[in-house]
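K.L.:
Could you fit the two chains together into a complex? Lean on the hints.
Residue numbers (the working numbering), protein chains in the order written: chain A, 17 to 95; chain B, 113 to 467.
Source of the hints: derived by calculation from the structure; they are not laboratory data.
Idealized CB from N, CA, C, for every residue including glycine.
Treat the hints with caution; some may be incorrect.
Okay, the calculated beta carbon distance ranges per label pair [stated by the list, open to error]:
| no. | chain 1 | residue 1 | chain 2 | residue 2 | range |
| --- | --- | --- | --- | --- | --- |
| 1 | B | Met432 | A | Leu49 | 30 to 38 Å |
| 2 | B | Leu215 | A | Leu49 | 37 to 45 Å |
| 3 | B | Thr160 | A | Ala27 | 38 to 46 Å |
| 4 | B | Val157 | A | Asp72 | 56 to 64 Å |
| 5 | B | Phe200 | A | Ala85 | 15 to 23 Å |
| 6 | A | Arg84 | B | Trp380 | 51 to 59 Å |
| 7 | A | Ala27 | B | Pro349 | 13 to 21 Å |
| 8 | A | Asp72 | B | Lys278 | 48 to 56 Å |
| 9 | A | Glu53 | B | Trp153 | 46 to 54 Å |
Which chain B residues stay away from chain A? Per the calculated CB distances, all over 12 Å, these [stated by the list, open to error]:
| no. | residue |
| --- | --- |
| 10 | Val142 |
| 11 | Trp144 |
| 12 | Trp153 |
| 13 | Ala172 |
| 14 | Leu184 |
| 15 | Gly189 |
| 16 | Val357 |
| 17 | Tyr364 |
| 18 | Trp381 |
| 19 | Gly411 |
| 20 | Ala445 |
| 21 | Tyr460 |
| 22 | Leu465 |
Here are some of the chain A residues that sit facing chain B, going by a computed Cβ distance under 8 Å [claimed, not checked]:
| no. | residue |
| --- | --- |
| 23 | Leu55 |
| 24 | Pro56 |
| 25 | Ile58 |
| 26 | Met59 |
| 27 | Val63 |
| 28 | Met64 |
| 29 | Ser65 |
| 30 | Thr66 |
| 31 | Gly79 |
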Amino acid sequence: MEIKVLGTGCANCKNTVQLIESVANALGVSVQLEKVESLPEIMRYGVMSTPGVVIDGKVVHAGSVPTRAQVESWLRPES
Amino acid sequence: MTASSNTTAPNPAPPTHLGWFVGIPTAAVVWWFAYSHLTDWADWVVATLGLRRETHLGEAVHFFAYDAPKVLLLLLGIVFVMGVVQTFFAPERTRALLSGKRLGIGNFLAALLGIVTPFCSCSAVPLFIGFLSAGVPLGVTFSFLISAPMINEVALALLFGLFGWKVAALYLVTGLSIAIAAGLVIGKLKMERYLQDWVRDIHMGDAALPTGTTLTWNDRFAAGLRHVREIVGKVWPYVLIGIAVGAGIHGYVPEELMAKLLGKDAPWWALPAAVAMGVPMYTNAAGIIPVVEALITKGAALGTTLAFMMSVIALSLPEMLILRNVLKLPLIATFAGVVAMGILFVGYLFNVLLN
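Just chain B, same shape as in the assembly (with noise of 0.2 Å):
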């Protein structure tokens, strides 16, 4: 779940307008320069450590000298883009937009905002009761809140990043379908009923936030910087050490082991194991995706690794726990079987199409 633009550190005088005139454009410039060069700079890596690339070692090295700095530099444009375009979308907004919306249209917006709506964990359960309570259908609030921790940034600028664009858009197609599908399942089966009581007992205030407040577009960059502060500030040091493991996986693992447990010969049921597997995991894209990268090279099914990623950050046993307190379990069972079963379907569509 994406944390909510914010940050505790004290703020530097924000740049003013012409520091961001300035300072935007020579960024993406500097960006593009050294995302252009990464080849260049790997080579140059290796060849200044005296190795060279037919050793395990040296292709290790050059692994990581080439992955890191590509998707820390990914990281920080595709989060700093998201942290601007989060600041027309205040959960109020959000709320405002999908209350009165049917099914089926209703879903496909739903999931479309939870790409660009922030909000932090602790947030769910006030934001989940706040969408019902201004008439948003059920149905439509879970698939809100389904598509909001899939689709994830971070895991979109890795996936982009070490898998390039296709498999990146099949990750964004698939992640909104199952977000849509859930939902009007969801919706379809009428379980208003399995919500807690007292949420079904509550009422809501007005959207009370003052919505003169405009931002300005310095507030807009300032607020994406702040967002490149958080996030990556806080997962750099799991993408590295994932690239790491990564490195070492591509440099040294034979091959034919990781096609036999994770292969595309590996038994049907390899894919519901990992599935399963990922559910009690709670940790975060950053750390994992380099490792899959590492697993594919080395024979590992795409399908079956991106939906072990998915179950860990679309179905974690912490958030159905904060879930519980609104919503009773046959809810929760049907919410978990019905995302269960849109992951497994979406892993053995890649593993179909990308063999």
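The shape of chain A in the complex, shown without the other chains (with noise of 0.2 Å):
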């Protein structure tokens, strides 16, 4: 599973890829995590509001550090 993080570097963000690593380790899910900062990439996926999340190419979620519960549902397997 592909997760990039979009933001320019604020608290938020790093608490974004934190909460994200934290919740892949909990659940045993192998993930490429990636920051992405430059402003021209980020405007690329039409995320205004940071930080923004992208999961196999597609924006899950924007304008906030997601809940523990979001992150757990991107990432559980489905079954």
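P.N.:
Take a look at the structure:
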């Protein structure tokens, strides 16, 4: 699973990366986590309010640090 | 600038439907009871400490015991309501509402949306570009960017608590007017060429947020609660310090001094000087307004002090530096100039209307 966190580098963006990492570890899901800081790149996803989260090329969240439950629902393997 | 509604605190299980159904009315009743007994409470504190209102110390303690809970109660109420309202206005939605709007109506709408749309200060630049690339005119975008920090819910709660609804309403209306007028002027000046080149070249993807995610009222109330935790959790120490300083001024500083420096008989340049002093300061409304209240009870002019507050929150140097990434100097200078003129005008207006 390829996850990108979009954000220019404020505290909320860093918290989002940490949260996703810790949830992935807890669930034992292997993810490829990348942080995108370049503005043109961020704008290409159409995200205006950071932090944004992109999973496999699709924007799933923007504008706030996601809640733990949200992250879990993204990472949990479909069953 | 308002922070976006979010939190990293580990979330306890959110209340259920029934929880909110019982919890909100109960909280409202408790809130109302506390709010209507503030004077009794302050009198009781002064009496219990064995003080008398006629003394300097007694008066200062009474000021603090009355104002601190009053302001905190108002903050809790207003910030919660704003947190719920903001769940209806994601930036993507605001952009969709504004795109294709003409100058005039667009500016008015943008200034209104600036009050209720959540975003944190690090999103100012992406938001700016996102608006422009969706066809929102430059002037309309500026109306949004000015009203968002200028009309701030914490400032509104404080003004309402300390000065009453008239001053709060005047702040709201004049703040909106400045945002609308400044946006109109910038739009008329056709300053699009002063955007940084890379901004004009950028092509932005469609607003990509899955708009199908519908929030339940449970979600919205939970967002309101998170908003309270985040904002009130951050500003309450400043509010208390501000009120303590205010209480000291209220109890001890002689009136003649203040009236001479900031009062209605102060020289005409006191107002521009106050605005200029506000720009490099980067503090929040929460600490300044209680001090302002004490200054005013000592004879400082309301317009001068409010203009100072507006320049602190709407013309901050750090924000200009962020905007420098996307705007060339002439546009930044115009932005600062137009907003400063608006604030000066409002300051003189308050001084005339409320003296």
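K.L.:
Grab the minimum C-beta distance from A/Met59 to chain B and call the hint holds if it beats 8 Å, violated otherwise.
P.N.:
holds, 5 Å
K.L.:
For the range 13 to 21 Å, tell me whether the beta carbons of A/Ala27 and B/Pro349 fit it or not.
P.N.:
holds, 19 Å
K.L.:
Is it true that A/Arg84 and B/Trp380 lie within 51 to 59 Å of each other by Cβ?
P.N.:
The hinted range 51 to 59 Å holds for A/Arg84 and B/Trp380, with Cβ atoms some 57 Å apart.
K.L.:
Could you check that no beta carbon of chain A comes within 12 Å of the beta carbon of B/Trp381?
P.N.:
holds, 38 Å
K.L.:
Please verify that the nearest CB of chain A lies beyond 12 Å from B/Tyr460's CB.
P.N.:
It holds; B/Tyr460 is separated from chain A by about 36 Å at its closest Cβ, greater than 12 Å.
K.L.:
Is the claim that B/Ala445 lies outside the interface with chain A correct, judged by CB distances over 12 Å?
P.N.:
holds, 23 Å
K.L.:
Hint check: is the beta carbon of A/Leu55 less than 8 Å from a beta carbon of chain B?
P.N.:
With Cβ-Cβ at 7 Å, under 8 Å, it holds.
K.L.:
Would B/Leu184 pass as off the interface with chain A, using Cβ distances and a cut of 12 Å?
P.N.:
holds, 25 Å
K.L.:
Could you check if A/Val63 really has its C-beta closer than 8 Å to a C-beta on chain B?
P.N.:
holds, 7 Å
K.L.:
Tell me if A/Thr66 is really an interface residue toward chain B, meaning its C-beta lies closer than 8 Å to one of theirs.
P.N.:
Result: holds, 5 Å to nearest chain B Cβ.
K.L.:
Within 37 to 45 Å or not, the Cβ separation of B/Leu215 and A/Leu49?
P.N.:
Holds - the Cβ-Cβ distance for B/Leu215 and A/Leu49, about 44 Å, lies within 37 to 45 Å.
K.L.:
Is it the case that B/Gly411 keeps its Cβ farther than 12 Å from each residue Cβ in chain A?
P.N.:
holds, 42 Å
Figure legend: structure checked against the earlier numbered hints; every hint is met.
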